[in-house]
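Now for the letters of each chain:
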Amino acid sequence: MAAEAPTDAVAPAPPAADGALAGLRWALARDLKLAFRSRAELGVQLLFYVIVVTLFPLATTPERNLLSTMGPGVLWVAALLASLLSLPRLFATDHADGTLEQIALSSYPLEALVSGKIAAHWLTTGLPVVLLAPLLGLQYYMDGESLAILAMGLLIGTPILSLLGAIGAALTLGLKSGGGLLALLILPLYVPVLIFGAGAVDAVRAGLGATANLSLLGAGLALALVGAPFAAAAAVRIALD
Amino acid sequence: MALNWFKLSSPASFYPVAGAMIPWFAWGAAILAAIGLWLGFGIAPSDFQQGEVYRIIFIHVPSAWMSMFLYVVMAVWGALLLGFGTRLSGMMAQAIAPTGALMTFVALWTGALWGRPTWGTYWAWDARMTSELILLFLYLGLIALRQAIGDPRRADRACAVLSIVGVVNIPIIYFSVQWWNTLHQGASVKLTGSSMETTMLAGMLVMSFAFWFYSIAVVLARLRVIILERERDATWVGALAEVRAAGQGAAR
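Going down the list, the protein sequences come from chains L and S.
The letter at position 177 of the first sequence is residue 177 when you use the numbering used here, and the numbering goes up by one with no holes.
Heads up: take any position in the second sequence, counting from 1, add 1000, and you land on the numbering used here.
Worth flagging that the hints you see were computed from the coordinates, not collected in a lab.
Backbone N, C-alpha and C fix where the C-beta goes; we use that ideal spot for every residue, glycine too.
Where hints are given, some of them may not hold.
Stated by the list, open to error - Covered stretches of chain L, as calculated for chain S (at least 3 residues, CB under 8 Å):
hint	segment
1	180-188
2	231-241
Said to hold, decoys possible - Computed far set for chain S versus chain L, every beta-carbon distance over 10 Å:
hint	residue
3	S1046
4	V1076
5	P1098
6	Y1122
7	T1130
8	F1137
9	N1169
10	H1184
11	A1241
Produce the entire structure from the sequences given, and follow the hints as far as they go.
Structure follows, in structure tokens:
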């Protein structure tokens, strides 16, 4: 991170009318700029997603029916793992060089700053996964309707992954056993997202319609949007204490 | 009687209270378990569908109830810690986690042993079992997070946040048999009445109280150890008779 201009590392003097939205926007713009400057890192994470998805047909059989049945589940599991892999980036680099403390000291509400960071995390890691999924789904012989539902489920579900993941990332800040521990803490919380997301595609294939599963995902997103920034901000404060 | 509850929230004043409570709950658990097992194995008739196998219910259902209940209690202690900053709340949550994990494990294990003769399988990927398994992972995650954080004050608060987030899982477990068509049977005991024979129900309820009392006794015993460990530099700990005796024993 030495290449970055030092201005990025310091929160600007808050404007007179500082509010939650301004803080969110500032954190979002900053993290997007940082992510854009380390494009290679983002590319690596996306490649990880592609490779995990590619492994399953090689490990089992490239049989058409089997793959189209497994497809949604595999793509969702890979999305979970890709999200997990990218989580340490959310706070850890800022924590390591002391930026996070400066951010927490700024007069913007920490919840808003954390929300902005989460939004940037989803835009740089979740959204590419959503866009790539239909293409990878073709490799699994999924039909058009299944692909559309898969993409829609991922579109609703991956923000939940970023929101919940932020809590885990903040709780494990600076701990030695970070990576494995983060998986143990966060994957159980990801499970409902996985079940409803992959279940939506299965329901369509069974002729039941995906409304129920997608609505539950939407409800989960609403709950996570309201609760997770507060929990993550509380976890950041605990880690900085 | 006007009790000052906040006085009890200090480790120094709760330590002897917990010590006085433990024998009552331990003996209560032993007596209730004896009565419950006698009701369950001696009095309750065999089930017309499941024969004798159903008797595992007297362990399975109480442990499953306690696994969920203890998690909620732990999260409430976590919320109290974050709200009031009372140190004892964090210690209480720490003391509950292993017992909760044990109850979850017992519920899963007895469920598997019950499932084999009745469903023909130890395990099914059904909503209730899967969510109970997730509960076990949540407990283990909490224990692991606490182990990974050296500073007990930070560990208390981090675990409190995590346990409150994980509470979402409890209604999912509880209502899973109503929300999904699961292999696991629906609830036999409801507030409006029960579909069970009276002696079976009595045995199960008595066993539930036995598990409850056992959990309280064990949690309080563990809490006392945690208090001693964390407050070891406090003067009141040095003044305790058992600590002085142990100190003299070690010096000799």
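> If you look at each residue in the segment 180-188 of chain L, do at least three have a Cβ nearer than 8 Å to any Cβ of chain S?
Replying inline: holds (count 5)
Status of A1241/S, Cβ more than 10 Å from any chain L Cβ
holds, 36 Å
- request: Would you check whether the claim that N1169/S is not at the interface survives, using Cβ distances to chain L and the 10 Å cut-off?
  value: N1169/S not clear of chain L: closest Cβ-Cβ about 8 Å, inside 10 Å.
Going by Cβ atoms, does Y1122/S stay more than 10 Å from chain L at every point? holds, 21 Å
Checklist entry - Are all C-beta atoms of chain L more than 10 Å from that of H1184/S? => result Non-interface label on H1184/S holds, nearest chain L Cβ at 16 Å vs cutoff 10 Å.
Does the claim that P1098/S lies outside the interface with chain L hold up, using a Cβ gap greater than 10 Å?
Label holds. Min Cβ-Cβ 16 Å, cutoff 10 Å.
Determine whether the non-interface label on F1137/S survives the test: each CB of chain L must be over 10 Å from its CB. violated, 4 Å
Practice problem: Find the nearest Cβ of chain L to the Cβ of T1130/S and say whether that gap is larger than 10 Å. | Solution: violated, 8 Å
query = Beyond 10 Å from every Cβ of chain L: is that where the Cβ of S1046/S lies?
reply = holds, 37 Å
query: How does the coverage statement for the segment 231-241 of chain L fare against chain S, requiring three or more residues with Cβ below 8 Å from a Cβ of that chain?
result: holds (count 6)
Original post:
Is the Cβ of V1076/S farther than 10 Å from every Cβ of chain L?
Top reply: holds, 16 Å
In summary, the structure is inconsistent with hints 7, 8, 9 from the numbered list given earlier, while agreeing with the others.
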